[in-house]
Amino acid sequence: MKTQEQVIATLTKTPEDKLLLRQLFDRFAVSQERAYLTHTRFLDLRERTLCTQAVQQAGLTKQTVFWGGYTDAERVMALFLPDYLTPEDAVSPDQCPLVLLRATKSQADTLTHRDYLGALMGLGIERAVLGDIVITQTGADLFVTEDMADFIEMNFLRAGRKRITLEKVSLDAFEMPEAEEETGEGSVASLRLDSVAALVFRLSRAQMQERIAKGTVFLNQMQCLKPDADISPADKITVRGLGRAKVLELGGMSRKGRQFVRYTRSK
Numbered sequence: 000m001k002t003q004e005q006v007i008a009t010l011t012k013t014p015e016d017k018l019l020l021r022q023l024f025d026r027f028a029v030s031q032e033r034a035y036l037t038h039t040r041f042l043d044l045r046e047r048t049l050c051t052q053a054v055q056q057a058g059l060t061k062q063t064v065f066w067g068g069y070t071d072a073e074r075v076m077a078l079f080l081p082d083y084l085t086p087e088d089a090v091s092p093d094q095c096p097l098v099l100l101r102a103t104k105s106q107a108d109t110l111t112h113r114d115y116l117g118a119l120m121g122l123g124i125e126r127a128v129l130g131d132i133v134i135t136q137t138g139a140d141l142f143v144t145e146d147m148a149d150f151i152e153m154n155f156l157r158a159g160r161k162r163i164t165l166e167k168v169s170l171d172a173f174e175m176p177e178a179e180e181e182t183g184e185g186s187v188a189s190l191r192l193d194s195v196a197a198l199v200f201r202l203s204r205a206q207m208q209e210r211i212a213k214g215t216v217f218l219n220q221m222q223c224l225k226p227d228a229d230i231s232p233a234d235k236i237t238v239r240g241l242g243r244a245k246v247l248e249l250g251g252m253s254r255k256g257r258q259f260v261r262y263t264r265s266k
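Residue 0 is where the sequence shown starts when you use numbering that gives the first Met the number 0, and the numbers rise one by one after that.
Bear in mind the hints are in silico, worked out from the structure with no lab data behind them.
Keep in mind the model is a prediction, meaning the values are calculated, not measured.
The beta-carbon is built from N, C-alpha and C at its ideal position, and this holds for glycine as well.
Some clues are possibly wrong.
Claimed, not checked - 30 angstroms max Cα-Cα, derived DSS-like pairs, lysine-lysine:
(1) Lys225 <-> Lys213
(2) Lys1 <-> Lys225
(3) Lys245 <-> Lys225
(4) Lys167 <-> Lys17
To be verified - Label pairs and their calculated CB-CB ranges:
(5) Asp25 <-> Thr109: 30 to 38 angstroms
(6) Gln52 <-> Ala28: 14 to 22 angstroms
(7) Gly185 <-> Asp25: 30 to 38 angstroms
(8) Val29 <-> Glu4: 12 to 20 angstroms
(9) Phe259 <-> Met175: 23 to 31 angstroms
(10) Ser253 <-> Leu224: 23 to 31 angstroms
(11) Leu224 <-> Arg201: 40 to 48 angstroms
(12) Gly256 <-> Lys17: 41 to 49 angstroms
(13) Glu125 <-> Gly256: 19 to 27 angstroms
(14) Lys17 <-> Ser253: 15 to 23 angstroms
(15) Met175 <-> Asp146: 37 to 45 angstroms
(16) Arg261 <-> Asp88: 47 to 55 angstroms
(17) Asp229 <-> Ser105: 42 to 50 angstroms
(18) Gln31 <-> Ala233: 32 to 40 angstroms
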């Protein structure tokens with residue numbers, strides 16, 4: 000186990016990284032000293048990876064939960080638990096420090112994720128107060144920080160120049176809509192991240208290696224900088240700008256020694 004200063008020195012590469020981890024440890028300290036639930040702002044996948052590594056190296060895993068309102072959320076908060084709270088308590092609707100806002104549009108209107116996010120940014124708020132924006136048939140479900148929910152509810156009236164209505168609903172009311180996915184299959188020389196991701200996202204292996212090196216490839220929602228990371232069934236791969244995929248099945252070997260892979264990819 001490392002001290003918090005050792006963790007910061009080991010993991011951070013930029014002043015922004017240092018600030019993020021200092022805020023992380025400050026929030027944890029408040030939780031322990033004052034015995035109540037504290038949390039960070041919403042973290043993107045890269046920030047989540049950095050904070051997860053920091054929590055692990057500092058020995059704080061048992062007191063920390065990463066949660067974004069539902070299983071498999073991309074943008075999550077780090078929740079810090081006092082001794083009397085369990086992880087299940089912390090993510091329950093009556094304890095969780097985030098709010099679900101449901102946006103409803105006219106049936107005739109078509110609005111995209113970009114429409115909603117652009118309109119929200121136009122309110123002058125920070126991206127960090129917004130979690131995932133999940134597009135639904137009737138509009139969108141928005142996960143936001145508790146302290147900004149009222150402001151957003153009162154001021155977020157249009158998206159993409161289309162009028163919307165907004166209301167708070169219980170976190171229990173969220174249902175993940177069925178994603179539009181395509182199923183594919185192919186073969187790879189080895190079950191490495193770069194090989195499988197290149198197959199799934201239809202890039203060359205060299206192109207995928209470049210993306211991995213730039214930190215825009217995530218394995219099971221964690222940034223992965225190792226092109227040779229092993230891939231297993233049920234692994235989830237996210238490539239920023241290209242979407243998400245899940246490995247469904249690994250088949251047998253071809254006569255040329257290549258491994259068969261079956262997968263789904265979001266459209």
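Here is what the structure says about each hint:
For the hint linking Lys225 to Lys213, the alpha-carbon distance of about 11 angstroms falls within 30 angstroms, and the restraint holds. At most 30 angstroms may separate the alpha-carbon atoms for a hinted pair to count; Lys1 and Lys225 meet this at roughly 24 angstroms. Our distance criterion of 30 angstroms between C-alpha atoms is met by Lys245 and Lys225, whose separation comes to about 18 angstroms. With a CA separation close to 35 angstroms, the supplied pair Lys167 and Lys17 exceeds the 30 angstroms bound.
As the Cβ distance of Asp25 to Thr109 is approximately 43 angstroms, the hint placing it in 30 to 38 angstroms is violated. Our hint of 14 to 22 angstroms for Gln52 and Ala28 holds, since their Cβ atoms are close to 19 angstroms apart. Against the hinted window of 30 to 38 angstroms, the Cβ-Cβ separation of Gly185 and Asp25 comes to about 47 angstroms, which falls outside the hint. Distance hint check for Val29 and Glu4: the Cβ-Cβ separation is about 18 angstroms, which falls inside the suggested range of 12 to 20 angstroms.
Phe259 and Met175 have their C-beta atoms about 29 angstroms apart, which keeps the hinted 23 to 31 angstroms range intact. Here the CB-CB span from Ser253 to Leu224 is close to 30 angstroms, well matched to the stated 23 to 31 angstroms. Judged by the Cβ atoms, the range 40 to 48 angstroms given for Leu224 and Arg201 is violated: they are separated by roughly 22 angstroms. For Gly256 and Lys17, the Cβ-Cβ distance of about 46 angstroms falls inside the hinted range of 41 to 49 angstroms, so the restraint holds.
Our hint of 19 to 27 angstroms for Glu125 and Gly256 is violated, since their Cβ atoms are close to 51 angstroms apart. Distance hint check for Lys17 and Ser253: the Cβ-Cβ separation is about 48 angstroms, which falls outside the suggested range of 15 to 23 angstroms. Our hint of 37 to 45 angstroms for Met175 and Asp146 is violated, since their Cβ atoms are close to 25 angstroms apart. Range check, Arg261 to Asp88: about 39 angstroms between beta-carbon atoms, so the 47 to 55 angstroms window is missed.
Taking the beta carbon of each, Asp229 and Ser105 are about 48 angstroms apart, inside 42 to 50 angstroms as hinted. Taking 32 to 40 angstroms as the suggested C-beta distance range, the pair Gln31 and Ala233 conforms, at roughly 35 angstroms.
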